[in-house]
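> Residue numbers (full-length UniProt numbering), protein chains in the order written: chain A, 1 to 311; chain B, 1 to 311; chain C, 1 to 311; chain D, 1 to 311.
The following label-pair restraints were derived from C-beta to C-beta distances:
#, chain 1, residue 1, chain 2, residue 2, range
1, B, Asp167, A, Ala298, 49 to 55 Å
2, D, Arg116, A, Arg279, 37 to 43 Å
3, B, Ala302, C, Gly203, 37 to 43 Å
4, C, Asp295, A, Asp295, 42 to 48 Å
5, A, Gly235, D, Thr191, 20 to 26 Å
6, D, Pro266, C, Arg120, 57 to 63 Å
7, B, Ala302, A, Arg296, 22 to 28 Å
8, C, Gln292, A, Asp101, 57 to 63 Å
9, A, Arg296, B, Ala157, 51 to 57 Å
10, D, Arg252, C, Ala12, 47 to 53 Å
11, D, Arg116, A, Ala193, 36 to 42 Å
Derived from the structure by calculation, the hints contain no laboratory data. Every residue gets a Cβ at the ideal spot worked out from N, C-alpha and C, and that includes glycine.
4 protein chains.
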Amino acid sequence: MSATRYTYLGPAGTFTEAALHTLPEAATRELVPLPSVPAALDAVRAGEAAGAFVAIENSVEGAVTATADELANGAPLMIYREVLLPISFALLVRPGTELTDVKRVTSHPVAQPQVRGWLRDNLPDAVWEAAASNADGARLVQEGQADGAFAGEFAAALYGLEPLATDIHDAAEATTRFVLVGRPGRVSSPTGADKTSMVVWLGDNHPGALLELLQEFAVRGVNLMRIESRPTGHGLGNYCFSIDCEGHLTERRVSETLMGLRRICPQIRFLGSYPRADRREPTPRQPGTSNQDFDRAADWLARCLDGRGEA
Amino acid sequence: MSATRYTYLGPAGTFTEAALHTLPEAATRELVPLPSVPAALDAVRAGEAAGAFVAIENSVEGAVTATADELANGAPLMIYREVLLPISFALLVRPGTELTDVKRVTSHPVAQPQVRGWLRDNLPDAVWEAAASNADGARLVQEGQADGAFAGEFAAALYGLEPLATDIHDAAEATTRFVLVGRPGRVSSPTGADKTSMVVWLGDNHPGALLELLQEFAVRGVNLMRIESRPTGHGLGNYCFSIDCEGHLTERRVSETLMGLRRICPQIRFLGSYPRADRREPTPRQPGTSNQDFDRAADWLARCLDGRGEA
Amino acid sequence: MSATRYTYLGPAGTFTEAALHTLPEAATRELVPLPSVPAALDAVRAGEAAGAFVAIENSVEGAVTATADELANGAPLMIYREVLLPISFALLVRPGTELTDVKRVTSHPVAQPQVRGWLRDNLPDAVWEAAASNADGARLVQEGQADGAFAGEFAAALYGLEPLATDIHDAAEATTRFVLVGRPGRVSSPTGADKTSMVVWLGDNHPGALLELLQEFAVRGVNLMRIESRPTGHGLGNYCFSIDCEGHLTERRVSETLMGLRRICPQIRFLGSYPRADRREPTPRQPGTSNQDFDRAADWLARCLDGRGEA
Amino acid sequence: MSATRYTYLGPAGTFTEAALHTLPEAATRELVPLPSVPAALDAVRAGEAAGAFVAIENSVEGAVTATADELANGAPLMIYREVLLPISFALLVRPGTELTDVKRVTSHPVAQPQVRGWLRDNLPDAVWEAAASNADGARLVQEGQADGAFAGEFAAALYGLEPLATDIHDAAEATTRFVLVGRPGRVSSPTGADKTSMVVWLGDNHPGALLELLQEFAVRGVNLMRIESRPTGHGLGNYCFSIDCEGHLTERRVSETLMGLRRICPQIRFLGSYPRADRREPTPRQPGTSNQDFDRAADWLARCLDGRGEA
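Isolated chain A, as found in the complex (with noise of 0.2 Å):
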């Protein structure tokens, strides 16, 4: 039953996977590991899933550009839940074994730069090779075909291995965020701690373009959470961007912002409205900008048109 159906970033054994249980629904869904992000998606736009669920940014390595381009192109997606999940390392032995007989090591090449440190510390010796992605690195260790794999603790059941070190990882805060996607549909109340996505493209050769799209958050007072620019595929210089703002489309001061982003901007894509990770609430930090105070100067200019502005 494609309601009931999740799919993913695969395969089993990968952080996607360990993101996505963090998820209460997930429990009552069946996931479904697919082999590409444009795949996962595909899954949701064509009814077989009733969402998709993949990374979109890590504090290491940036944005995720398949999930960015995806989102930004083709039939409209929304998203409607984001997870973040610490991203720290084990490396994965088959069992008996120890650090000296580890000649061969193995992960997807995002992981590289985030345990190059430990490598050069514990290990200056092993060659490093790239895997598919890291639960497919612990595969080639299962198999004999590498020694060790750095991946998640928890793929280390999975493929009959163990961890040898655990909690790797050069960055300190390395962190991957996650969204569940889904087709689009009414946005949900806020909670009071909201985060909105949009994608919005900037006019051809307006140099002051994207000051101006700034500006409409910055007169709100709504802060930017994330700014990625994306090439359009029209030709060096021709830019989209990929934005978190803090807030939710029912507050004014949110409504405001998107109203005038569509207003001076040649195309922008509302990608939902949704509960923040970390579950803290705004804090405008501009006199002016909180949604009392943009509940206030409605009021007032009511008053206005009654003639009772000074009430």
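Fit chains B, C and D to the known structure of chain A by using the hints.
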């Protein structure tokens, strides 16, 4: 009956009275000259008159500060109509007087800079003296205390005088703007060519406050038509700004701007939306800031909330 | 000798003269009262005086428009010094006069709003009449044409009068600011607590022009201390702005700002950098805008040109 | 000799090598392919090569993040030249192979999105497999492990292959931009059509920081040509920006902008001013922001300091 009474800055025979007569309804009102702008406005505040007609700015002399300060302070009032009057003077003399007879001339001090050039060229030896108003100057000529008065040509008959020269004005396009002021009431319908007036106070000692205030207009493409700074009376360096912008409070781009000002400024007084005397329709110069753009963006927002943002 | 002569807006016995005497060098100058601001300034332009001392703004009444307009137009002049004078009035009477004897009072019209409250409380039945200056009001009392004159207490002796009440002022902190004006010359050295004055014209009909002008200041963290709009005399809606900002033309943040204004405005007139009367040092509120920050950035730029930007 | 050695991202036969050969001096240099961008750049840092030639952005795939991150971190480097290369692919096969024989095709993963449409239309049943580089894909075809490789037509001879189809590219105008990087040195003279590159860090958690950064450019009319956000590696939400703007560091409008960035940003790295590959001269779109405008303003400032501002 106060409902049919309009006060104005007298005496009869001034440019103010001439401008007031250009309003069609003036024909059916009791027109009461009063000796000062505060007196004319206080009669409205006290319910003794339905409207007060006063000058608010002059293209040569600048703001009529008494009017600006009265509208900014005291019990609230609203502007309902404006009149533009090109200002040119006649030299009024007793019948039979020739130019060579004119030794002493008089006018209100405000008129003096506008006739200075004409005097230098035509009456280099005449002595100028101040009068309480241009009409009062005509009275002084009538009584023989001066030989010529600079006043509106329309004042001649009232004082038994004749114009010896007409169309006297040093600055081309010298214009005075007058407003009809009443007690606060429901804002009337937009005409498509309207103007909105307000007074805005800046917070004490916030250096960027004026910049932020102007950005509220700029980000919505609302053009300023007039901005006058006035001291607040609380020490040097503390100002409020008397502002006219194009558009009507019922237009989204104007109402959003005023709500923005209300949020960021410690105090704001809405002084009315009323038809422009020049009947020019506003021409938004930035893309994305027409009323239609604002309406389309609001429609799009409603669709986004329903998950149909791309429909 | 013109080199030792200072003109001022007379007559003797006014606040202007009192303020002028606070300048140390006034003791060694010939002080010449003249009947108008233009007359005082034209004497400097003509080389008949080394300086002119005139009021430029008042915390209650606003700009002294004659001074603002004279500095903006005609042959260029520069400001070399400023003086702040707290304004409070004395009621001057002929010796022996008691409060109950005072039926007619007089003052310059500008003084009237500042004594209105005192009159209402202390002499509710007295009739007020305009005088050409506060000192001239004292003369009228001396001659018996009025019973009391509102003027500076220092004027009493000059006219054989006595103060019946002192320290009269409706607004707390009423202050008038005066400037010493001379022909343009080399800018004197900065003192660390300086002010820079200028007049800036906006391009015709460019709606965002004032915003852009203010951004030149804001981006360099230069605080505005005064901004007054004045009509240019070319029709309603055309303004120039008389501006004081903190800092000295020899400071990088000030010179960069003025060069920015010069680039974007059709016309600018530099009116001088001179010591602040309040001796307060500017306190840049934005990070990165102190003089030291500007100097460090210039050093860094020089290193970059040599390929040593990270040194 | 290191002074005549250029490293590049190998192997031979890639687009990088083809682009490098468009530089005249490449003919007299020893060209050394290295297996990664960091390896190519580290050889320069270590003094083993005079320059490294690497891709920096692609109009379809976006930033080459390895290059961006290497230039932002580690020992400083500078860009001295750029090359633009239009990207189109040939399908390289062993001599005698026909289209119907092609069952397995290969290329670098970055090439895959650019040939996806061609594959769907011409070889719908072929299986695509990843290669380490496009040149490596050609080697796989040579060795019989694949039937066709998407690579530059210039790679055919190197591997004994023939182009079966040419000019394959899904996106029109697909272009890759390469840069020649060296150790920091004196900035060379401007050509009139130059570009300046830098990396700028935003302060932690300052919401308006990106807006302020862009205003430094906007207020001097300096157009951005590229802006790419990169995570700093210190947790989600912390970015630096890799920026190219038009103009040369020796132009006042550029140097003033960079000094402004240096003042307000916690960290900035100047990456060089060098000739634009497209040889287009910058066209300032805002009035008052040409080099001539900047020079005139500086002249005026010098006159103001001497009291001759109106001369």
